[in-house]
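Chemist: Letter by letter, the chains look like this.
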Amino acid sequence: MEIQTSYDAGRLTVYLIGELDQHEARSVMHRLEELLDEYIPRDCALNLAGLSFMDSSGIAVIIRISRRMNALGGRVWIEDPARQPQRVIDAAGIARLVPIAMSR
Amino acid sequence: MKASNSIKLEFPSKSSNESFARAAAAAFAAQLDPTMEELGDLRTAVSEAVTNAIVHAYPDSIGMICMKLRILESGVFEVTVRDWGRGIEDLEKAMTPLYSTGGEERSGMGFTIMDSFTDKLRVRSSPGKGTTVVMQKSFSPRAVRV
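These protein sequences, in sequence, are chains R and B. First residue of the first sequence? That's 327 in the working numbering, and the numbers climb one at a time after it. First residue of the second sequence? That's 4 in the working numbering, and the numbers climb one at a time after it.
Keep in mind the hints are simulated off the structure, nothing from the lab. Glycine included, C-beta positions come from ideal geometry on N, C-alpha and C. Hints are not guaranteed to be accurate.
[As the list claims (entries may be wrong)] Some chain R residues flagged as far from chain B (calculated, every beta-carbon gap over 10 Å):
| hint | residue |
| --- | --- |
| 1 | D334 |
| 2 | Y341 |
| 3 | Y365 |
| 4 | N396 |
| 5 | L398 |
| 6 | G400 |
| 7 | D406 |
| 8 | V414 |
[Said to hold, decoys possible] Cβ-to-Cβ under 8 Å is the rule here; a few derived chain R residues that face chain B:
| hint | residue |
| --- | --- |
| 9 | D381 |
| 10 | I389 |
| 11 | R401 |
| 12 | E405 |
| 13 | A417 |
Let the sequences and hints guide you as you build the complete structure.
Modeler: Written out as structure tokens, the structure reads:
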């Protein structure tokens, strides 16, 4: 599991690359929270284009980051999810909590 | 129903085995020629079942998990994940979406995802003795695919 970031004009984009399961979730969650504390972004995009697998642990990570951004008064969305994460997001019904945007 | 092919894997409840378990299930299912999407659904359901055993069955210790994979004569793929851990007191509550007794990295969506990504889900549990999750999934025949 690899995390890359880019930051531009108040928007933090976090690229999650690899497989996100329970084994990885806690460290990913803490790394993302550190990034939010570091940048204090206005907007946060979670880019899932390079996420080849995630299970419900990924849902927990997304919900956690969404709550954190809401507390900061910022916006958060999921960007370009790969097919498998998209299906998990749909099944969990979190699209009403965190919007999905396609940049491509 | 009789199985035309089957394997049984036993491994300790270490979270590093989550990726191994779903990869093994996908590799065994490959002989049924599933689509990428069906394979993704299978990997997801297996990941949830095995993670539940790791997180909930053995919260403070390492125990054994047995995963049985069977190809039934009807062509249906069956996954059984069994543990000998603490069991589930209230199965109905445990299967309610968003209900979780797990840590911050659990969302309470595990059973919901197992249920929506397979055709049939059965869970048996007795407190103090363990839990068995059985999931069945059929893959679309190549000939009728568009």
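Chemist: If a hint holds in the structure, say so; if it doesn't, say that too.
Modeler: Hints and how they fare:
Every beta carbon of chain B lies more than 10 Å from that of D334 (chain R), the smallest distance being close to 29 Å; the non-interface claim holds. Every C-beta of chain B lies more than 10 Å from that of Y341 (chain R), the closest at about 20 Å, which supports listing it as non-interface. The claim that Y365 (chain R) is not at the interface with chain B holds, since no C-beta of that chain comes within 10 Å of its own (minimum 22 Å). Chain B leaves N396 (chain R) outside its interface by the beta-carbon criterion, the shortest separation being 17 Å against a cut-off of 10 Å.
No Cβ of chain B comes within 10 Å of the Cβ of L398 (chain R); the nearest lies about 18 Å off, and the non-interface call holds. Even its closest Cβ contact with chain B, about 21 Å, leaves G400 (chain R) beyond 10 Å, as expected for a residue assigned away from the interface. The non-interface label for D406 (chain R) is consistent with chain B: the shortest C-beta to C-beta separation is roughly 17 Å, beyond 10 Å. With a cut of 10 Å on Cβ distances, V414 (chain R) falls inside the contact zone with chain B, its closest approach being about 6 Å.
Proximity of D381 (chain R) to chain B holds as hinted, the smallest CB-CB distance being about 4 Å (cut-off 8 Å). Taking 8 Å as the C-beta contact cut-off toward chain B, the hint placing I389 (chain R) at the interface holds, the least distance being around 6 Å. Evaluation of the R401 (chain R) hint against chain B yields a violated restraint, the C-beta minimum of about 21 Å exceeding 8 Å. Hint status for E405 (chain R): violated, given a least beta-carbon distance of 20 Å to chain B, over 8 Å.
Interface restraint check: A417 (chain R) against chain B, minimum CB-CB distance 4 Å, threshold 8 Å, status holds.
When each numbered hint is compared with the structure, violations occur for hints 8, 11 and 12.
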